[in-house]
Amino acid sequence: MNATEHAAAHTALAPAERALDLIGSDLTETTLRLHLEGLSGVDAAGLEQRAAGLATRSIKTTSKALALDTIIRLIDLTTLEGADTPGKVHSLVAKAMNPDATDATVPRVAAVCVYGDMVPYAVEALGAAGTESQRHEGIQVAAVATAFPSGRASLAVKLADTSEAVAAGADEIDMVIDRGAFLSGRYGLVFEQIVAVKEACRRPDGSYAHLKVILETGELATYDNVRRASWLAILAGADFIKTSTGKVSPAATLPVTLLMLEVVRDWHRLTGERIGVKPAGGIRSSKDAIRYLVTVAETVGEEWLKPELFRFGASSLLNDVLLQRQKLTTGRYSGADYVTMD
Amino acid sequence: MSHLAVPKTYKLYVGGAFARSESGRTYEVLSRKGAFLANAALASRKDARDAVVAARAALAGWSAASGYNRGQVLYRIAELLEGRRNQFIDEVVSTEGATKAAAGKQVDTAIDAWVWYAGWADKYVQVAGNGNPVAGPYFNISTPESTGVVAIVAPQASASLLGLVSVLAPVIVSGNTAVVIANQSAPLTAISLGEVLATSDVPAGVANILTGSPAEIAPWLAAHADVNGLDLAGAGGLDWVALMVSAAETLKRVLAPEEGIPAPSLERIVAFTETKTVWHTKSLR
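Just so you know, the sequences run in chain order G and Y. Here the first sequence stands for residues 1 to 342, numbered as in this note's numbering. Here the second sequence stands for residues 343 to 627, numbered as in this note's numbering.
Honestly, I wouldn't trust all of these hints.
Unchecked claim - Keeping only pairs whose Cα atoms sit at most 35 angstroms apart, straight-line, the calculated DSBU-like set for lysine-lysine is: (1) G:K64 <-> Y:K353; (2) G:K64 <-> Y:K388; (3) Y:K442 <-> Y:K375; (4) G:K287 <-> G:K327; (5) Y:K447 <-> Y:K465; (6) G:K60 <-> G:K327; (7) G:K306 <-> G:K60; (8) Y:K353 <-> Y:K447; (9) G:K60 <-> G:K247; (10) Y:K442 <-> G:K327; (11) Y:K447 <-> G:K60; (12) Y:K350 <-> G:K287; (13) G:K88 <-> G:K306; (14) G:K327 <-> G:K247; (15) Y:K353 <-> G:K60; (16) G:K247 <-> G:K306; (17) Y:K388 <-> G:K306; (18) G:K64 <-> G:K88; (19) Y:K447 <-> G:K88; (20) G:K88 <-> G:K327; (21) G:K60 <-> G:K287; (22) Y:K442 <-> Y:K350; (23) Y:K375 <-> G:K327; (24) Y:K353 <-> Y:K388; (25) G:K287 <-> G:K306; (26) Y:K353 <-> G:K287; (27) G:K64 <-> G:K247; (28) Y:K388 <-> Y:K624; (29) G:K327 <-> Y:K447; (30) Y:K350 <-> Y:K447; (31) Y:K624 <-> Y:K465; (32) Y:K388 <-> Y:K350; (33) G:K64 <-> G:K306; (34) Y:K465 <-> Y:K375; (35) G:K64 <-> G:K287; (36) G:K247 <-> Y:K388; (37) G:K287 <-> G:K88; (38) Y:K388 <-> G:K287.
These are computed hints drawn from the structure, not numbers from a lab.
The following block holds chain G by itself, in its conformation from the complex (with noise of 0.2 angstroms):
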């Protein structure tokens, strides 16, 4: 370490709370590093285990039911193509709304999910159905930013990005952490980062957009980084961890999943602040999202699955649920002749 990079481990980080709270007063890279390594490491074999054991549950008849539709709850419906255009936004936002023209009583998922350009005409398209006045109830409005997928830029232009989004109505904010510095070490470099744009994502009237931290957990390689950059990103105040950007192979897998449940379950232990999580890419049938819902009851408890805690990054899953969920209520096989393209 030459001077210049050791003053700089020494130079306090931004002052987020929960790493103030956590870590202390002395908020350093060293401090930051020191936690974040002292964590202890994760039993790859024994979380694989778990989460094969966890995918083996039969989930049948009613409960089935009831899981599908808890499934397009909990779906951020996606186009993330650079193909995609404000025509293809406004029948994403449609399907959103409605998702299967054919049965009224298929509940809305949870927003839709693009790219921070298309940001004005999903609000547009959404209408009344994103106004403040029904959150709750309504459809959430996420954008990808921080140039996503690969997080190539400099701060300026991720910042300019994000406020960008939220300045267009974005409700939600779905960034990318910087994996190459993440890998060669320099997490106070990924801490700041992250701090800098929920600061981005604050709106005039002082409310912030939702934050979800994208680790893409398929280039970070082993357990142990997943576990610290779950670590990392709640401290620097992410209001959800989001698995993969989809646009990488491996995306979501149970046993990552599965991990960062745990992370957000020792942080709720730690502190009673809960955050949520988003597993993306890679979810394409009933049957897998269903083994999720198992993974987070079983690991975090059933108040989890509700759209503020848990989310799934899809695009195809939606037709696969509505197919199953056709299957329940006529009680014949459907098929894709009668579910929308996308």
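Got chain G; can you put chain Y on it based on the hints?
Structure of chain Y alone, referenced to chain G:
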């Protein structure tokens, strides 16, 4: 050295793989005289559902293949069936109690049926399609295209191999994919035919073979919204009117039950096709 006989496990043929029933159920296949021959998988409605998923996945590729290409593949099935002629004769003799000569005749007729339908692969469109006379400066052309996923109840009475081939070949020759419920009492030839299909360039999922009870599985396939056609050739012993009513709910094409084994015919091919009509200008002035 003495040799201990190794009996074969007969499984389902779904998505190009040989799988046991997800239900874990099996049933005993007996010879005409009541002697035990083998255990066969007793397919459940979930196996039928999985088979439809496999058939749907295979549809895009198979229906887009050229007629010439599909013909080559069907001819290849005949070639491989010929190579395993003796095995099929043995299975027909044991399950149906037929004489060796009658069994040989059935297998040969089945091979001929594959060749006959293979020949139609790149010709049925010309025969069933049409250039329509129209009063305008354009051509107007109708051509048949595959319907989609077709569920089939194979003939149940006799001739298990020939019965299956006679309903499967006309469905897949035009680019449909199929889910077939085999002859319940004589299912061994069906699964052995699956082995032939698996090794004869037929893409996985194009033909899926279920063994078990047609009475149990057929209603699920008839009602399934992702099935586009229903061939009830061997459903004469079932409540086939109810199956037709159920199929009508989702606008399926349906063929009624037939006595005996359906003879090779162009009608069976055209039954599961949709007519597409296009126009094209004759000239620009």
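These are the hints, each one checked on the structure:
Of the supplied pair hints, the one linking K64 of chain G and K353 of chain Y holds, its CA atoms being roughly 30 angstroms apart against a limit of 35 angstroms. Restraint check: the Cα-Cα separation between K64 of chain G and K388 of chain Y comes to about 16 angstroms, which is no more than 35 angstroms; the hinted pair holds. Taking the CA atoms of K442 of chain Y and K375 of chain Y, the gap is near 16 angstroms; set against the 35 angstroms cutoff, the hint holds. Note on K287 of chain G and K327 of chain G: the hinted pairing holds, with a Cα-Cα distance of about 14 angstroms set against a maximum of 35 angstroms.
Our distance criterion of 35 angstroms between C-alpha atoms is met by K447 of chain Y and K465 of chain Y, whose separation comes to about 27 angstroms. Proximity of K60 of chain G to K327 of chain G is assessed by CA-CA distance (about 13 angstroms); at most 35 angstroms being required, the pair is judged to hold. The hinted pair formed by K306 of chain G and K60 of chain G meets the criterion: a straight-line CA distance of about 21 angstroms does not exceed 35 angstroms. For the hint linking K353 of chain Y to K447 of chain Y, the alpha-carbon distance of about 26 angstroms falls within 35 angstroms, and the restraint holds.
Only pairs whose Cα atoms come within 35 angstroms are accepted, and K60 of chain G paired with K247 of chain G is accepted, the gap being roughly 33 angstroms. For the proposed pair K442 of chain Y and K327 of chain G, the alpha carbon gap of about 48 angstroms is over 35 angstroms, so the pair is violated. Restraint check for K447 of chain Y and K60 of chain G: not satisfied, since their Cα atoms lie roughly 50 angstroms apart, outside the 35 angstroms limit. For the hint pairing K350 of chain Y with K287 of chain G, the CA-to-CA distance comes to about 33 angstroms; that is within 35 angstroms, so the pair holds.
With a CA separation close to 27 angstroms, the supplied pair K88 of chain G and K306 of chain G stays within the 35 angstroms bound. Pair hint K327 of chain G plus K247 of chain G holds up; C-alpha atoms about 31 angstroms apart against a cutoff of 35 angstroms. The suggested pairing of K353 of chain Y with K60 of chain G holds, with an alpha-carbon distance near 27 angstroms, which does not exceed 35 angstroms. Distance check on the hinted pair: K247 of chain G and K306 of chain G sit about 26 angstroms apart at the alpha-carbon level, within 35 angstroms; holds.
With a CA separation close to 31 angstroms, the supplied pair K388 of chain Y and K306 of chain G stays within the 35 angstroms bound. Among the hinted pairs, K64 of chain G with K88 of chain G is consistent with the structure: their alpha-carbon atoms are about 31 angstroms apart, no more than 35 angstroms. Using a Cα cut-off of 35 angstroms, the hinted pair K447 of chain Y and K88 of chain G is violated, with the two alpha carbons roughly 60 angstroms apart. Restraint check: the Cα-Cα separation between K88 of chain G and K327 of chain G comes to about 28 angstroms, which is no more than 35 angstroms; the hinted pair holds.
Taking the CA atoms of K60 of chain G and K287 of chain G, the gap is about 11 angstroms. The hint holds against a cut of 35 angstroms. A distance of roughly 21 angstroms separates the Cα atoms of K442 of chain Y and K350 of chain Y; the hinted pair therefore holds under the 35 angstroms criterion. Taking the CA atoms of K375 of chain Y and K327 of chain G, the gap is about 43 angstroms. The hint is violated against a cut of 35 angstroms. Proximity of K353 of chain Y to K388 of chain Y is assessed by CA-CA distance (about 15 angstroms); at most 35 angstroms being required, the pair is judged to hold.
Straight-line distance between C-alpha atoms of K287 of chain G and K306 of chain G comes to about 19 angstroms, which keeps the hinted pair within the 35 angstroms bound. Simply put, K353 of chain Y and K287 of chain G have alpha-carbon atoms about 25 angstroms apart, close enough for the 35 angstroms limit, and the pair holds. Restraint check for K64 of chain G and K247 of chain G: the C-alpha separation of about 30 angstroms stays at or below 35 angstroms, so the hint holds. Distance restraint check for K388 of chain Y and K624 of chain Y: the Cα-Cα separation of roughly 52 angstroms exceeds the 35 angstroms cut-off, and the hinted pair is therefore not satisfied.
With a CA separation close to 45 angstroms, the supplied pair K327 of chain G and K447 of chain Y exceeds the 35 angstroms bound. Under the criterion of a C-alpha separation no larger than 35 angstroms, the hint pairing K350 of chain Y with K447 of chain Y is consistent with the structure, at around 25 angstroms. For the hint pairing K624 of chain Y with K465 of chain Y, the CA-to-CA distance comes to about 25 angstroms; that is within 35 angstroms, so the pair holds. The straight-line distance between the Cα atoms of K388 of chain Y and K350 of chain Y is roughly 24 angstroms, inside the 35 angstroms bound, and the hint therefore holds.
With a C-alpha separation of about 17 angstroms, the suggested pairing of K64 of chain G with K306 of chain G holds against the 35 angstroms cut-off. For the given pair, K465 of chain Y sits about 45 angstroms from K375 of chain Y by alpha-carbon distance, which is inconsistent with the 35 angstroms threshold. About 10 angstroms separates the Cα atoms of K64 of chain G and K287 of chain G, which keeps this hinted pair within 35 angstroms; it holds. Taking the CA atoms of K247 of chain G and K388 of chain Y, the gap is about 33 angstroms. The hint holds against a cut of 35 angstroms.
Taken as a hint, the K287 of chain G and K88 of chain G pair is honoured in the structure, with Cα atoms around 27 angstroms apart against an allowance of 35 angstroms. Distance hint between K388 of chain Y and K287 of chain G is fulfilled; the C-alpha atoms sit about 14 angstroms from each other, no more than 35 angstroms.
Violation of the numbered hints given earlier is confined to hints 10, 11, 19, 23, 28, 29, 34; the remaining hints are satisfied by the structure.
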